[in-house]
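Trainee: What follows is the residue order along each chain.
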Amino acid sequence: MSSTHQPRAESREPRAAAAESREPKADSQWPLWEVFIQPGGGAPHEHAGSVHAVDAEHALQNARDVYARRGEGMNLWVVPSQAITASTPEDMGPFFDPGNDKPYRHPQFYKVPRGVRL
Amino acid sequence: MSDSFEYLLRLADDRLVLGHRLSEWCGHAPILEEDIALANIALDLVGQANLLLTHAAAAGNTGRDADALAFLRDAIDYRNALIVELPKGDFAFTIARQFFYGVFGMLQSEALQKSSDTELGGIAAKMLKEFRYHVRHSGEWMLRLGGGTDESHARLQRAVDDLWRYTGELFQADDLDRRVGASGFGVDPSELETAWRATVDDILQRSGLTTPAVTWMQRGGREGKHTEHLGLMLAEMQVLQRQHPGATW
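Respectively, the protein sequence lines represent chains A and B.
Here the first sequence is numbered in the numbering used here, starting from 1 and rising by one per residue.
Here the second sequence is numbered in the numbering used here, starting from 1001 and rising by one per residue.
You may find that some hints are simply not true.
[To be verified] The following label-pair restraints were derived from C-beta to C-beta distances:
| no. | chain 1 | residue 1 | chain 2 | residue 2 | range |
| --- | --- | --- | --- | --- | --- |
| 1 | B | G1027 | A | A48 | 18 to 26 Å |
| 2 | A | Y110 | B | G1027 | 39 to 47 Å |
| 3 | A | P89 | B | C1026 | 33 to 41 Å |
Don't read these hints as lab results, they were simulated from the structure.
Here a beta-carbon is modelled for each residue, glycine too, at the ideal position from N, C-alpha and C.
Whole structure, please, built from the sequences with the hints as guidance.
Mentor: Following this line, the structure appears as structure tokens:
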């Protein structure tokens, strides 16, 4: 079985339980929020970074000020970092390796008909 | 000096001085995100000042360009309201001042969109979007500081008490204001006071703050009669241009 994984409040990298004691005390910082920006035109939201904020409206404004001042046509999502569940490095093998050596699972041999846009 | 030139200077100087005051927080704000937010708002205001000074330079036809107007005028020739030149104070003071001026700027920009001068109307549309965000930002902070700890509440109340006597000047109309209001070029600021008061009273009440009872208002900025603070600020702001006239990057 893979080791336990859990959401991390203070880091962008997923970490295992043993590292928790090295984290700064939670009440010395405002809660952490992850920021996702949609560049426009219906494209998917992309992770842009994180901000500290006291609540959702504050996080939205901080995200706009820190990450969204350049560029156009956007939408912003802010998510409490606590709400994100991430896989750990130990999970990489069990989660992702089996896919790499099974080419028949990937649509690589399909020829796109002329005129079709992906 | 033509009415349009004088009026545009009043608009531009408010923004230039307030933008500079806000920029003094850069590197010193209480938290990183707020440092960036205040710098962003400062840039918005300086950008607005740039557009307005450029338009004024063309309207004034005095041979001075926007840079000359910004960096080579003395305090006596500046036409900003007194509230924007006050030193930045603590965070609560900055937020309260941003809020008071921001609501005014938002209402003024909204009205200026209908200016008989299409360029000013276009600038106003852009300013309105920016002021809407400034008001959202400072308004939310008013609620959080007012309803926060005893210290944040006390500091914000003190800030509101100190600033109140400077808010009246924003709405005091003189003959120039009445002329540009009548011609449609500008907006008579006295027409904005009721709406300003409604928005401000609402936020003060929701923040748990008391509206000051003061009714006497400071004035003089529109005639070039400034506080002792503006000269010191301009000395810093203008020193580079004055020591190296015409220098470019």
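Trainee: Next, verify each hint and record whether it holds.
Mentor: Results for each hint:
Take B/G1027 and A/A48: their Cβ atoms lie about 23 Å apart, and the range 18 to 26 Å holds. Evaluation of the 39 to 47 Å hint for A/Y110 and B/G1027 yields a failure: the beta carbon distance comes to about 55 Å. Distance hint check for A/P89 and B/C1026: the Cβ-Cβ separation is about 39 Å, which falls inside the suggested range of 33 to 41 Å.
Of the numbered hints stated above, the single one contradicted by the structure is hint 2.
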